[in-house]
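Student: For reference, the chains in residue letters:
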Amino acid sequence: MTFAFTAFAMLLFLGVPVSFVLAIVAIPPLIDLGIPLAVVPQRLYSGMDSFTYLAIPLFILAGELMDTVGITLHLFRLARTLVGHLRGGMAMVVVVTEYFFSGISGSVVADTAAVGSVAVPALERNGYTRAKAAGIVCGACAMGILVPPSISMIIYGALANVSIGALFVAGFIPAALSAVGIMVLLYVEARRSGIPVHQHADFKEIADALKDAFWALMMPVIIVAGFRAGAFTATEAAAVVVVYALFIDAVIYHELALDTFIAVVIRSAQMTGVVMLLIATSTIFSWYLTIETVPQRLTSLIADYNLSQPALIFLIIVLFLFLGSIIDGLAALIMAVPILLPVFAISGLDPLHMGIVIIAVSGLGVYHPPVGAGLFVAASVAKASIEETTIAALPYLIIVTLVVFVIAYVPGIVTFLPRVLGML
Amino acid sequence: MQPIRSHILGLENWLWRLEAAAVVVLFPSVVAISFLQVLCRYVFNSPLPWTEELAVGLFIWVAFIGSTMAIAARGHFAIEFVKNRLPVAGRLVAEVVIWSLSVLFLLIVLIWGIFFVLGPVPSMTTLPVSMRWFYSAVPVGAILMLLHLSLRGAKDVLEYFIASEETKPPVTSS
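Protein chains in written order, with this note's numbering: chain A, 16 to 439; chain B, 285 to 458.
It cannot be assumed that every hint is accurate.
[Said to hold, decoys possible] Pulled a few chain B residues facing chain A out of the computed Cβ check, cut under 7 angstroms: (1) Val307; (2) Phe319; (3) Val322; (4) Ser351; (5) Ala354; (6) Ser407.
In case anyone wonders, no lab produced these hints; they're calculated from the structure. Treat the numbers as computed from the prediction; the structure is a model and nothing was measured. Even for Gly, the Cβ is constructed at its ideal location relative to N, Cα and C.
For reference, chain A alone in the conformation it holds in the complex (with noise of 0.2 angstroms):
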């Protein structure tokens, strides 16, 4: 058991792929008890082998092709006309379109790519620096990771068997706590600093701007009201979404000819592969861990130390921001859940509570140094170094944590509305 953690987290920490390591660990004991190694490729296909995981792609692709056709464009040209004559109203608006807009594709890469590249130079234009623009491009980034339709809550739902409506659902009240939080940050330090003020748009303008995004607006609204009559299973609200996201694009933005397609689709399928990879090798993983007992030494040790809940949830928030520092959070995501799930059920942790939770958590990793894979892209989309942009963006930060905690310690607000919806 020891000899085998020390395997793990040497072949992770020398760098080999993540989805890699999890199968390998496992092969030794599968020789050893004499189990014919044929479980392998079973295991590589049956763990894929599920409708509720093709949503995997077709949302990745869904947010591949927004994150292409110029959605974030009209979004943001919105938001602009509805909080930007407020002070430090153009950081705000890059809050609000974050809101509406990310974490669908799951890659944040992408995301933090395609606000960042629209909202640095107008950050600039008003009187920001370029690193303080990232800065607030990666709080905002790390807060949308709680706006559904999010990947990551997709493939916690079917991980741990949690109703992915309801995760989406509840993803909505945290989400708007840390933009807030944000927004109130940023009319502060705009005062202070003495960032200039717009004029109010007019009806007109405002007008203009919903017509304009009014179609990509609809996309959450269909995904949603989809859930919430039941009709639509996760999988078939992500194929409505794409074919959704084609059909504006040719009947209104014209924004995607066939090449910019056709390295969408490639894109989106390579992440298809690195992320399918991981669930399925992750269910060699899981067999090996029950091989190893671990869940239950896990839970002896839990009563062992006679941690509380609050200690509990503590140190499941703190493994999260590590695991999501150093590897991205949608692995981190696969490779701990199967462990936690035992632990959640003994401790009497709600599954949906601690999943928006730990989502979140792994949100902020991708912000958090040394790794930090979000950092580095909006510090090179800004053109800001990586040190400027980590001290610009720590104040957003330490506020998406807050909320974290908040939420961590009363369920209430995360489970609201899924139970005010009949979603529980």
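Place chain B on chain A using the hints.
Tutor: Just chain B, lined up with the frame of chain A:
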């Protein structure tokens, strides 16, 4: 050694285009079939029995080929900050270990994957098609990944020799 190197690059390129062509056909088909399912179920009220199974089968192909392309593009999630901070010799060792372990794992997937496909395979429940067509994604994916890894390995070794031949300070491989 430069001509060999350009042959390798050519092969890599060719392989990539083959895979790209496959996903460009398969991925939109998955979307179309899934959407067809929604249409038939909710709009025409006469669900087709076979859409779900077929879409999932094709999507698994997309996943394996996408995974292969991610190998070529070095897109798989890995913890790299430790490796990147190692001295040159240490990095070399790390790369060799990563490469060998990946190849070992994929060989297992390939060899037993062939048995998996050739063994007793059921037919699809909704269509008179053997599941073999879908199971094949596993060994085919493994072969493609192995090809990419072999080509990259060969390229890296060549570049190492080219760099040391030129007695200039070693050029770091991309």
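Student: Restraint: Ser351(B) near chain A, CB-CB cut 7 angstroms. Satisfied or not?
Tutor: holds (3 angstroms)
Student: Quick one, is the Ala354(B) hint okay against chain A at 7 angstroms, beta carbons?
Tutor: The hint holds - Ala354(B) has a Cβ within 7 angstroms of chain A, the shortest such distance being about 5 angstroms.
Student: With a cut-off of 7 angstroms on the beta carbons, see whether Phe319(B) makes it to chain A.
Tutor: For Phe319(B), the interface hint holds, since the closest Cβ of chain A sits about 5 angstroms away, which is under 7 angstroms.
Student: Let's test the interface hint: is any C-beta of chain A closer than 7 angstroms to that of Val322(B)?
Tutor: OK, holds: Val322(B) within 7 angstroms of chain A, min 5 angstroms.
Student: With a cut-off of 7 angstroms, does the beta carbon of Val307(B) approach a beta carbon of chain A closely enough for the hint to hold?
Tutor: The hint holds - Val307(B) has a Cβ within 7 angstroms of chain A, the shortest such distance being about 4 angstroms.
Student: Hey, does the Ser407(B) contact hint survive, CB to chain A under 7 angstroms?
Tutor: violated (15 angstroms)
Hint 6 from the earlier list is the only one contradicted by this structure; the remaining hints agree with it.
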